[in-house]
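*Asks:* For the protein sequence lines, the chains are S and A, in the order given.
Mapping of the first sequence onto the numbering used here: position 363 corresponds to residue 363, and the numbering continues sequentially without gaps.
Positions in the second sequence are counted from 1; adding 1000 to them yields the numbering used here.
Wrong hints could be hidden among the right ones.
[What the hints assert, rightly or not] Some chain S residues flagged as far from chain A (calculated, every beta-carbon gap over 10 Å):
no., residue
1, ILE9
2, PRO35
3, SER189
4, PHE237
5, ASP286
6, PRO409
7, HIS437
8, GLU451
9, HIS577
10, GLY605
11, LEU670
12, GLN680
13, GLY683
14, VAL730
15, GLY739
16, THR776
[Unchecked claim] Quick list of simulated restraints, FRET-style, between CB atoms:
no., chain 1, residue 1, chain 2, residue 2, range
17, S, THR725, A, MET1001, 38 to 46 Å
18, A, MET1001, S, PRO64, 16 to 24 Å
19, A, ASP1118, S, GLU701, 31 to 39 Å
20, S, ASP286, A, MET1001, 41 to 49 Å
Honestly, the hints are just simulated from the structure, not real lab data.
Quick reminder that beta carbons are idealized off the backbone N, C-alpha and C, glycines included.
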Amino acid sequence: MSETGGTGIGASVRRKEDVRFITGAGNYMDDINQPGQTYAVFLRSPHARAKILGIDASGALATPGVVAVFTGADLAADGIGDLPCGWLVKSRDGSDMIQPPHPPIAVERVNYVGEPYGIVIAETLQAARDGAEAVVTDFEDLPAVVDAATATSGDQLHESVPNNRCYDWEFGDQAATEAAFAQAAHVTSLDIVNNRLIPNAMEPRAAIGCYEAASGDYTLYMNSQNPHLERLVLAAFVQVAPESKLRVVSPDVGGGFGSKIFVYAEETAVTWAAGKVRRPVKWVADRSESFLGDCHGRDHVTHAELALADDGEFLGMRVATTANMGAYLSTFASSVPTYLYGTLLAGQYRTPAIYVEVQSVFTNTTPVDAYRGAGRPEATYVVERLVETAARELGMDPAELRRRNFIQPDQFPYETPVALTYDTGDYEASLDRALEHIDYARFAARRAESEALGRKRGIGFSSYIEACGLAPSQVALSLGAGVGLFESAEVRVNVTGSVTVITGSHSHGQGHETTFAQVVSEKLGIPFENVEVVHGDSGRGDYGLGTYGSRSIAVGGSAIVKAADKIIAKGKKIVAHNFETTDDRIDFEDGVFSEQESNRSMEFGEVAFAAYVPANFPLDELEPGLSEKAFYDPGNFTYPAGTHVCEVEIDPETGTVEIVDFVAVDDFGLIINPMIVEGQVHGGLVQGIGQALLEHGVYDESGQLVTGSYMDYCMPRADDVPSFTVDTTVTPCTHNPLGVKGCGEAGAIGATAAVMNAVTDALGVKELAMPATSETVWNALGGSGAASGAA
Amino acid sequence: MEVTLTVNGADHTLDVPDNALLVELLRERLNLTGTHVGCDTSQCGACVVHMDGRAVKSCTVLAGQADGADVTTIEGIGTADALHPMQEAFRECHALQCGFCTPGMIMAAIDLVQTSDDLDEAAVRDGLEGNLCRCTGYHNIVRAVLSARDNM
Ligand code: FES
Ligand code: FES
């Protein structure tokens, strides 16, 4: 990646936040304690589906140190509402999706293993655990529905949801798509399972609810990706406390990947309970609870077809998906397999007709919601597996088939048949660069070398696109979103000229304290060290929509630029007043305000001081102070895109897949800090590779999570993955002030298909279930080291 | 039970429950919250500290077992003004994002460098397989350890 020196835009500035993290001074949730705090342990269902016949808490209440035991009935009696889903999707017949009741703490029934149905609060964690052990609960166990593919014919889980179907959604032009298939020379079809993943941010979720009796104020400390949104939902929908009486603080957060977006039972319950016991209530998940209680990701079953002309031109695409929602609709669950999935099926291609049907179903499993990429990895997997398979079936080079169908640079803005307008891109540039890095020309020779050693080598591509910078509020609201998706920023110039930036974005590893400071330092021409970025506290910033969907720099960063522009405009007025001229005669560059055609100028710091020491300001025209707020609502999504290429070698004796080379060439638009961007790509790639080769959330037929610990759920470790070749091409985003597109999810979106295309290429099979563990691969080889050739 | 130990050069005698873990003693009694807990099956390495010069998972050591031991935590290897070469390398190579795995990763990496000759990329990856990181994809962690190897 290209890099400039210094600390401005384009420089790989070392991160401000690192010193506290590498010296052990980070302030994560479990490091926070409140005077007089109590400890909460949740009672969690051991059954996938059961009626709660009775809860006897007398043993718990008699346990030394136990302060209180609450059940779902206690919250319900207090008017605590259901956990809502914030995105209304409509079925093809125009009816609304069906949202079953979701009490934070189960009242009459439990619907997945790990679902909370009570809370024990005690003086110590040990006493809370002992108390929880002493609760006797009478369950009537019911048969569970686990498999999404057959869920519509299973027992009905929620009274209000016939056939366990949440919605039956369609998108695209069905007639045009059928017509395209009717004239196709070739149709490629695939059956695809997008395996369930468990996010596993390294810091478990945690919350401390606090209540101040004198004021009636609640404070909730929690590790949230969007503290303001949490406050909004808890206040407006769940009704734990009025918005003005609830402050949500999200300190240093140890990773999120989507799992810390959602409004969950636990933080709701500890906040409410703090008001009941009139003491702070602290809960920290142990890892086993994280496996059961954090929303899972993906879990689609899909049949997909691509229609092609005999020269390889794409004519149409038809996709039918069943998406598993788990037991309830989580905060954004409904949008993930619809508007974040169906709209991405054009990929980087000119496919003229696309039709997609998605039915979402409930099962007795942990709720499923956005996980890094959220819908876009699933879409990319469908498109890129189809394209690669089509190339093989037509005997064409997979890179060339892509090139033939790419949207061309002169076709932007490009309207896809699935409702998006791509603003800019150059897909061949990324493909070409990737081919160079992987040395595609010599692949055949490398494959021959591997073969000579008895190994199978394969190569796979993934030319992905994503819609990021979530989201233009107007578009999101018209598609069913319950909130706008703008971002807010405040730039406060302090009297001494230092600057405090308050952003509604949240950083849980992304390095905003550094990147945003680079932007402001460059915009205002002040030293990087003089810029302090504040985030994660609804008590310090007005509002914010938080961090997900690769939106922070594109939307949050743009809001900061907008606020900084207002600072400059105000500064010009102050300078104009000082020089007794008009502000249109003042220029601003590199931190200096200067008068045109004169040698008079003022430094940024002098202007700040003048703003707060307002000598004879004309007060009806010019207010004292230098602090500005801005809300930025994007005009469109951004469209990061790129090509990932994976080369694998398989040992037929063991079925072990080794990634011998991985190249990622991405177009993120302009880049603020190349070092941080590369790091985001690396991390995403390993999550994508993890899905392809290692990770799988598995339930048995009774609905028990079989992969509920690090002993059973295979997380990528350092020796499972390679080092990467990461590069970028640049087409600046056309509709935001920084020209940026966002980079947080690209790795996880692109990598999975590249790996599986490489593995199937090496094996010579059409389809292979993820994860491609050595057992799966060995079986695909006929269990004998010889390829069976069967799909 | 009573436990006497040295932590980051300071001597402590503490009365702890028999089943207390070393990580609990460090975090809750000595307020050394740089050592983290990321799992309950001894699999993630967020809790790694040095005990008598060796890397141990402090979630898997009873406080009682540390009686008489010399323990070093992330807080004991360097300061903001005088970073340990491994800390410096992590910062320089962008080997951390959220920072939650970082203290354990750094402590494990120091032990790895100190106890191996001929550390190459494969050996670093092998040596760190007991430490999970969900953010970095390990690429920059490996770079950092290899660069610290040359400065330690
Ligand atoms: S906390 Fe995970 S290994 Fe110790
Ligand atoms: S930096 Fe976040 S887990 Fe490693």
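*Asks:* Give a verdict on every hint.
*Replies:* Status of each hint after checking the structure:
1. ILE9: About 18 Å separates ILE9(S) from the closest Cβ of chain A, which puts it past 10 Å; holds.
2. PRO35: Consistent with the label, PRO35(S) stays out of reach of chain A, its closest Cβ about 14 Å off (over 10 Å).
3. SER189: 33 Å, holds
4. PHE237: With a cut-off of 10 Å, PHE237(S) remains clear of chain A, as the shortest Cβ separation is near 29 Å.
5. ASP286: 5 Å, violated
6. PRO409: 31 Å, holds
7. HIS437: 15 Å, holds
8. GLU451: Check passes; 24 Å lies beyond 10 Å.
9. HIS577: 43 Å, holds
10. GLY605: Holds: least Cβ distance 27 Å, greater than 10 Å.
11. LEU670: 19 Å, holds
12. GLN680: Check fails; 8 Å does not lie beyond 10 Å.
13. GLY683: 5 Å, violated
14. VAL730: Consistent with the label, VAL730(S) stays out of reach of chain A, its closest Cβ about 21 Å off (over 10 Å).
15. GLY739: Consistent with the label, GLY739(S) stays out of reach of chain A, its closest Cβ about 23 Å off (over 10 Å).
16. THR776: Nearest chain A Cβ is 22 Å from THR776(S), so the label holds.
17. THR725(S) <-> MET1001(A): 38 to 46 Å: 54 Å, violated
18. MET1001(A) <-> PRO64(S): 16 to 24 Å: 20 Å, holds
19. ASP1118(A) <-> GLU701(S): 31 to 39 Å: Once the Cβ atoms are compared, 50 Å apart, the range 31 to 39 Å for GLU701(S) and ASP1118(A) is violated.
20. ASP286(S) <-> MET1001(A): 41 to 49 Å: For MET1001(A) against ASP286(S), whose Cβ atoms are near 24 Å apart, the range 41 to 49 Å is violated.
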